[in-house]
Structure formats: C-alpha cells, structure tokens
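Student: Per the numbering used here, the very first residue in the sequence shown carries number 1299; after that it's consecutive.
Read the hints as simulated data drawn from the structure, not as lab findings.
A few of these clues could be false.
Only pairs whose alpha carbons sit at most 20 Å apart, straight line, appear in this in silico EDC-like list of lysine to aspartate or glutamate [what the hints assert, rightly or not]:
#	residue 1	residue 2
1	1671	1736
2	1568	1759
3	1602	1759
4	1875	1849
5	1784	1701
6	1615	1479
7	1653	1624
8	1569	1479
Between beta-carbon pairs, the in silico distance windows are [said to hold, decoys possible]:
#	residue 1	residue 2	range
9	1856	1717	20 to 30 Å
10	1764	1568	19 to 29 Å
11	1856	1329	27 to 37 Å
12	1825	1319	49 to 59 Å
Note that the coordinates shown come from a computational prediction; the quantities given were computed from them, not determined experimentally.
Quick reminder that beta carbons are idealized off the backbone N, C-alpha and C, glycines included.
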Amino acid sequence: MGRKTYRGKVEERFSYDNFVLPFTAGMVFILIYFAVALGKIIRDLPWDDRKRFFRSIFSYRIFISGWEIIRECLLHVKIFKRNKTLGFMHMSIAFGWFMMIVLAHIEVKLYAPHRFNLPYFPIFFRYFMKETEHTMQGAFFFFLMDFFLLLVLIGVGMAVFKRFNSRAMGMRRTTRLKMPDRIAVYTLWLIFPLRLLAESYTAGIAGGSFLTDTVGHIVGAAPEIMGRGFWWAYSIALGLFFFCLPFSRFMHIPTEALLILFRNAGIRSKKKGDGYATTEVYSCSRCGICIDACQISSAARVPKDTSVYFIRELREKDPKALLAAENCLMCGRCVEACPVGIDSVRLRQNVKELKAPKNQGDFRYVPPMDVEKADVLYFAGCMTRTMPSIERSMLVILDTSGDNYTYMDKSGTICCGRPMLLTGQVDAARAMIDKNKEIIKRSGAKTLVTSCPICFKVFNEQYGLDIEILHHTQYIDRLISSGRIKVEHSDVNAVYHDPCDLGRGSKVYDAPRRVVSAVAELSDIKDSKRMSLCCGGSLANTVLNEKQRRDITLDAYGRLTAGGPDVLVTACPLCKKTFAGVSAGKVPVEDIAQTVVRNMSVSTAGDARHDSRAASGAH
C-alpha cells in the first residue's frame, strides 16, 4: 500500500473502533480497583496517621514527595547507584512509558483542542489522527514519540535478556515468579513491540519518524486487515496487563508512589495489617535485589525465606510467612538494598508479635538494685559480660577519663529487653524496660554509655530516656578528641567492621572510624557502612542450624579480611565473639575498646589498668 499525501491538513478518522474495547475495559477495571484499594488502605491507617497524611498533601511535603516519586518511581536513582545496568533497564521502561503517555496527551491538546476525547484517544492517537503535514512541530513530536518508544524497547530487551542471564546484569539470583507474575511480565514485554508494529503500519501510510517510518516501509505494505490486527493486539495486551496488574508484582507501580507519600508524612508501620504495612507489602516489585544482599541466601544458600518471598507470602496470606519471619538475621541489609525502601525487618517483627505468647512479664520479684550516683552510667550488657576483655578495656578507659562513673550491671547481668522484642514478646519486654528505667533514673546519670550496639539501639528507641545515650565508640571518640585520654598512632593495618545495630541500625559510622584512625592505619573495604556484613551471630534467627550460621560467619570474615589486614576491629561483643570463633590462626579480632587500650600512652594507662583489674574482680 503506497503512502498517501495530504498537504497542509490533518487526516482524522472517526474516533472509535472496536479494538479500543480491551484497553478500555482494563483501564476501567484498574481505576475502580485502585479507588477501592486506596480507600481500604486509608481506612486501615490509625486516626493520627490519617490526619498526618491529609495534612501532608496540602503542605510543602507534597513537593518533596513529588520529587522523590520522579527520582525513584521513574528514574530509579537508587537502583542506578547500586547497579547502573539494572538502573538503566528500569528507568528506560518506567520513564520512557511515562513520557509517551504525557506526549500523547499533549498531542491531543494540540491537534484536537475543541473536542471531547475519551480516555483511550491519546493511547491510539496515531490511528485516529494522522499528522501528514511535515511541519517542524509535527516532526518534533514524531521524533520524541519514536525516541521514547525506542528507549522502552531497549529496556524491554534488557529485561528479557536478564530473565535468562541474570549474572550478565550483575545479579546472581532473580525472583522465582508465580503464574500471575509471569502472565503480567510476558504481557508487558508484548505491549511495546506491538505498539511499534501498529504505529509503524500507520507511519507507512501517513509518515512517521526515524523508528516507525523505517519499520513502516516494511509493514506499511501489509493489507489493512493486518494493520488493524496490530492495533487489536496492542489493545488486548494493554487490557490484559491492566487486568493482571493488581494480582501481580506490578501493583508496586501505584503503591510505591503512595508509600513515598506516607513516608514523607511521617507515617510508619505499627502492626501487621495496618494501612502502611499493607502498602509496603504491595510496593514490593519482586526485583530480587534483596536476594543477593541477604547473607542467608548468598552465604548459607537458603534463599527461600529472603524478603522478596516473605513479603509475597504475606501478600498471599500464606501460613509459610509465619516460619519465614523467624528465618532472618534482622540485620537490615535487605532494607538498605531495597530500591523502594521497604522495611522488611519491621514487617517480620509485626508477624512475630502476632504469634508470640501473651506474657505480661511481671518482674516484681526482681529485687531493686542499688546504683551509686554518678554523672556517667556504664551499661556493659549481657553480651559484653561474655567477653571479659571488652569489659576490662572499658573499665581502663573509664578510669582514665576522669569521669565520675558507676557500673550499672557490675553485680549481675541485666538484659536490655531486645531478645524479647525480637521474639515478639512486647509486653514482657516493656515490663523489663520499665524496671531498667527505674535503675537508670535512680543513678542520676547525665550520660549512659553502653558497649553493646543491640542495647544502644534499644535504649535510644524504646526507653524514652531524657539523658544522653552513647555507644562506647562515641564516648571514646569524645575522650580522644578532647585530649582526656592520650593514644599513640601505630602502623598496624586495621579493617573496621560496622556492627548491624550500630551502623545500619543507628547510623553511627564516623565516630568508630575516627577512633581507629587515631590508633592505626584504617583500610577502606567494600562491604562497609550501610552495606556492612552481618557476623551471623544474630539473636533473632531461630531457624538456621549451626553449619549455616558458620557458613555466614566464614563468608563475612573472609570478605572483611580479604585485603590481608593485621587486625579486624569491630564494636560489638556479639560480633567479636562470633568472628573470633572462626579466626584461629588467621587475622585476629578485637573490639575497638581493646584496640584503644593497647595504644594508650603507657604513662596515662598504667594505673587505670591496675584499678580496672581490681574493680572487675575475676574478670
């Protein structure tokens, strides 16, 4: 069929054809589904959170949310930072499709400004109206539409390639998809090649740009019934995708934007099934990035309970989610890797709290502890008491500091409450926390110092104390910078390991590094700060066996010491204990307090060491 030429006018067809029906039916369905789902999510928010949400919509936060939606839902900046190839793939599909929709609506306003157009009209604009006058404006829009269609097609091609060769795209594992996801994915892959064929057929008759015009020379000669067949196939693919969307991974498209609005309004999940938690569950795109980040998957070779599968089980109300909630180190590495920022650790905690026994935790039988009045209250914590070398080192530092301090749990181990929180026993943990708060208040301390990141995080988040709370790395950093303890720099090559609850959990990154740099040569490593490795000794996991835990520890230790440092320094008694169990004859492991004491000036530390040995007794 030859190309028709109409100079100086727009060829317009009657703006209806039966092929629009599949798309229209799918669009109506998805809009109704979204409206009902949004209403249920808002209804399930606590009243205070509902007020926060609506207030944020009419405040400056809406602009912050809008920019974040552009960055993360369309441009996928977080994925770009982690993996440029994956980032480009996701961006090309999301941003390219979005721009095609926007440009189509602009074209409708330019070429049919005075008529009522049904919602399908911009989608099938090239069929119903043909710009055959080769003006600058017409050529510009043809070029833009072809450019963004090509961008999307490149992204789709990369997605198809990734499905069959994920390692070439920088992913060792990808998500195993169920049937609804597969149908939706394969339909999405068809939409844009079919659009190319449909628009190229029209371009073969009325003109196009570099992409559709080139393909149009081939398909434009086809019979008209085949050309209409392309438009029918394109409409069916769109309609089928819309019908599949709510039951597939692609529900993340609308809910991810809603999650950003909630987050910037200051809303967080409080329990399983609340509006925020539901939004998080549906915002999971099942991209699989968390699978490689999870050490249970990468080191212990147990990927079945990683966050992507746990969240899918939650969404499907699968009873397996109850067990999957337990099979997690709760280290937060997957949360940092997640491009959507889903707090899967909190989701697991919600499930644990539902299944935990309802123990009110009556601790009235515990006799009140007498604590000496002091400005600084030192809390070693349960795990520090299992590592006497850390306790001794901290007593040396405290003695040298000149601070008026007292040792809260010197006469007996006191739990901060975190183990009970991790098992979901919130009431029992709260009772223990209240008991500990009484002891802390009676001390009259202005500063609480602890050696355990687990305790540090709980003191900050659960206790509501009106005093300063410091991890011992922060306290030591203050003492060194103020000159209250003198240290000597050595040429020892040290690697610092960020404990999960101190780094990712509490965002304490700089103080430990300043301390290590003051006494040794600190080497940078890849797996550090927000993507630091868990030691594998987590108290949260009740499913892993001893071999699987050891595999995680060996893998983490090997990666941390791959550069051949003289010492591996950490700042957590549990991490030290766990790594020390696999370090025999290899790179030694020290707590940061030990490293500091080893490098303290002899003249300032000698008496303090003697005093601390006397104070610690058997330790």
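Student: All hints, please: hold or fail.
Tutor: Structure-based check of each hint:
Taking the CA atoms of residue 1671 and residue 1736, the gap is about 13 Å. The hint holds against a cut of 20 Å. Distance restraint check for residue 1568 and residue 1759: the Cα-Cα separation of roughly 14 Å lies within the 20 Å cut-off, and the hinted pair is therefore satisfied. For the given pair, residue 1602 sits about 31 Å from residue 1759 by alpha-carbon distance, which is inconsistent with the 20 Å threshold. Distance check on the hinted pair: residue 1875 and residue 1849 sit about 15 Å apart at the alpha-carbon level, within 20 Å; holds.
About 15 Å separates the Cα atoms of residue 1784 and residue 1701, which keeps this hinted pair within 20 Å; it holds. Restraint check: the Cα-Cα separation between residue 1615 and residue 1479 comes to about 17 Å, which is no more than 20 Å; the hinted pair holds. The hinted pair formed by residue 1653 and residue 1624 meets the criterion: a straight-line CA distance of about 11 Å does not exceed 20 Å. At roughly 27 Å between alpha-carbon atoms, residue 1569 and residue 1479 are farther apart than 20 Å, so this suggested pair is violated.
The hinted range of 20 to 30 Å is satisfied by residue 1856 and residue 1717, whose Cβ atoms lie roughly 28 Å apart. Remark: the range hint 19 to 29 Å for residue 1764 to residue 1568 is upheld by a beta-carbon distance near 24 Å. At about 52 Å, the CB distance of residue 1856 to residue 1329 disagrees with the hint of 27 to 37 Å. At about 54 Å, the CB distance of residue 1825 to residue 1319 agrees with the hint of 49 to 59 Å.
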